[in-house]
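The opening position of the sequence shown corresponds to residue 129 in the numbering used here, with each subsequent residue numbered one higher.
Hint data in this document are derived by calculation from the structure and do not stem from the laboratory. For clarity, every value in this text was computed on a predicted model and none was experimentally measured. Treat the hints with care, since some could be wrong.
Computed beta-carbon distance windows for the label pairs [stated by the list, open to error]:
1) R134 with N227: 39 to 47 Å
2) R180 with C262: 18 to 26 Å
3) K230 with T131: 19 to 27 Å
4) H247 with G202: 40 to 48 Å
Positions of the beta carbon are idealized from the N, C-alpha and C atoms, including for glycine.
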Amino acid sequence: MDTLAREEFAVFFDTAERRLRLALSGAFGMEAGHDAAAESLAWACQNWDCVREMSNPMGYLYRVGRTAALRAIGHDVRFVSTDIEMHPAQWELPNFEPNLAKFLAQLSERQRVAVWMVHGLGFTNNEVADLLECSRPTVGTHVRRGLAKLRQQLGVDHD
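Model the full assembly from the supplied sequences, consistent with the hints where possible.
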C-alpha cells in the first residue's frame with residue numbers, strides 16, 4: 129500500500145472503526161463484536177484498493193464482520209448478552225433496567241442493532257441503514273418493532 133492509500137485508509141478507519149465495533153457488538157455481544165470489527169477492518173486494509181471503490185464500504189464490512197462473528201460464536205447463537213455487565217452504577221442511569229441485555233437478546237439481529245444504534249447510541253436512521261444495507265424506512269420499522277417488543281417485555285406503556 130503506497131503512502132496515499134495508507135492515508136486514505138487511516139481516514140476511513142477513524143470513521144469506520146467505532147461504527148462497525150458498536151454495530152457488531154450490538155448484534156453479537158461485546159467480545160464477538162469487537163473481534164469481528166477488527167477482522168473486518170483488517171480485511172479492508174488488505175483489500176483497500178477494492179474497498180475504496182465500493183459505493184457502501186461500511187455495509188460490506190458489516191457483512192464481513194457479521195460472517196466473522198457467526199464463524200466465531202457459531203451460527204446457532206444469536207446474541208451473547210452475558211458478556212455485557214449491565215449495572216446501574218456503571219451506566220449512571222437513574223432508572224436502568226438490569227434485564228435489558230436479556231430482553232435485547234430476544235429481538236431479531238436487525239431490530240437489536242437498530243434499537244441499540246438509534247436509541248442507545250444516537251446514530252441516525254441513515255447511518256444504520258448504510259450499515260445494514262437497507263432503506264431508512266426499514267430501519268424505522270426495525271426500531272418501532274424492537275421498541276414495541278421491549279416495552280411489552282418491560283411491562284411499560286408508550287405514551
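Each hint tested on the structure:
no.	hint	verdict
1	R134 with N227: 39 to 47 Å	holds (45 Å)
2	R180 with C262: 18 to 26 Å	holds (23 Å)
3	K230 with T131: 19 to 27 Å	violated (49 Å)
4	H247 with G202: 40 to 48 Å	violated (28 Å)
Violated hints, listed in ascending order, are 3, 4; each of the other numbered hints is respected by the structure.
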